[in-house]
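Given the coordinates of chain A, assemble chain B onto it according to the supplied hints.
Chains A and B supply the protein sequences, listed in that same order.
Last residue of the first sequence? That's 208 in the working numbering, and every number before it is there in order.
Last residue of the second sequence? That's 123 in the working numbering, and every number before it is there in order.
I should point out that these hints are in silico values taken from the structure, not numbers from a laboratory.
Do not rely on the hints blindly, as some may be mistaken.
Selected chain A positions facing chain B (Cβ under 10 Å, derived; list incomplete) [what the hints assert, rightly or not]:
hint, residue
1, Gly99
2, Ser103
3, Ser127
4, Tyr131
5, Gly136
6, Gly138
7, Phe141
8, Ala188
9, Asn194
10, Gly200
Where a beta carbon is used, it is the ideal one built from N, C-alpha and C, also for glycine.
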Amino acid sequence: DAGVTQSPTHLIKTRGQHVTLRCSPISGHKSVSWYQQVLGQGPQFIFQYYEKEERGRGNFPDRFSARQFPNYSSELNVNALLLGDSALYLCASSQQGNSPLHFGNGTRLTVT
Amino acid sequence: GENVEQHPSTLSVQEGDSAVIKCTYSDSASNYFPWYKQELGKRPQLIIDIRSNVGEKKDQRIAVTLNKTAKHFSLHITETQPEDSAVYFCAASTIKAAGNKLTFGGGTRVLVKP
Chain A
97 DAGVTQSPTH
107 LIKTRGQHVT
117 LRCSPISGHK
127 SVSWYQQVLG
137 QGPQFIFQYY
147 EKEERGRGNF
157 PDRFSARQFP
167 NYSSELNVNA
177 LLLGDSALYL
187 CASSQQGNSP
197 LHFGNGTRLT
207 VT
Chain B
10 GENVEQHPST
20 LSVQEGDSAV
30 IKCTYSDSAS
40 NYFPWYKQEL
50 GKRPQLIIDI
60 RSNVGEKKDQ
70 RIAVTLNKTA
80 KHFSLHITET
90 QPEDSAVYFC
100 AASTIKAAGN
110 KLTFGGGTRV
120 LVKP
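The shape of chain A in the complex, shown without the other chains (with noise of 0.2 Å):
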């Protein structure tokens, strides 16, 4: 079975752009969870989506925002960039809302 798929894998976008993220979870997942993680640092929550509903949200400014799809696979959208948002974006997902994560390879974005 595929893993959690994640695109694009590298971005590099400019201060004050938007950046849309993508993801598709593990056939058979219903609940996708979005993290940040910023180099030497551990995953910091930041949104996650369980049948298509938000389920939770993390200490982040209303600059990011997310949705989940009918198929289950779910964007993550990031407005107005700053060079802050420079980071690694990781994507997971699980069976179901408590069951556990499994991660993609993440979106490496980096803003100049």
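Using the frame of chain A, we list chain B on its own:
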């Protein structure tokens, strides 16, 4: 909110020796404690997890122990091998019916010297 502290930040061991990583958490409601291994440039991989109704869990050379009273849990790797070299993250969460939000520690860089 939950806060997870992880120690040490770096750990160097000789091949064949044991490695121990310790984490403490702040929220007594936390009931799920996974450990992830992240190799350079790769995704975090779940290596073992434990729920609060269990004190210890083993999987081959890896074991995790949990002390709910003291709010700390530890990862033990025995007979370390060079392929165990990676960054290890502990995490804690309060699993609810519809959510599993992980709070991660800062990570431990483990180097196994041959």
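Consistency of the hints with the structure:
no. : hint   : verdict
1   : Gly99  : holds, 8 Å
2   : Ser103 : violated, 14 Å
3   : Ser127 : holds, 8 Å
4   : Tyr131 : holds, 8 Å
5   : Gly136 : holds, 8 Å
6   : Gly138 : holds, 3 Å
7   : Phe141 : holds, 5 Å
8   : Ala188 : holds, 8 Å
9   : Asn194 : holds, 4 Å
10  : Gly200 : holds, 6 Å
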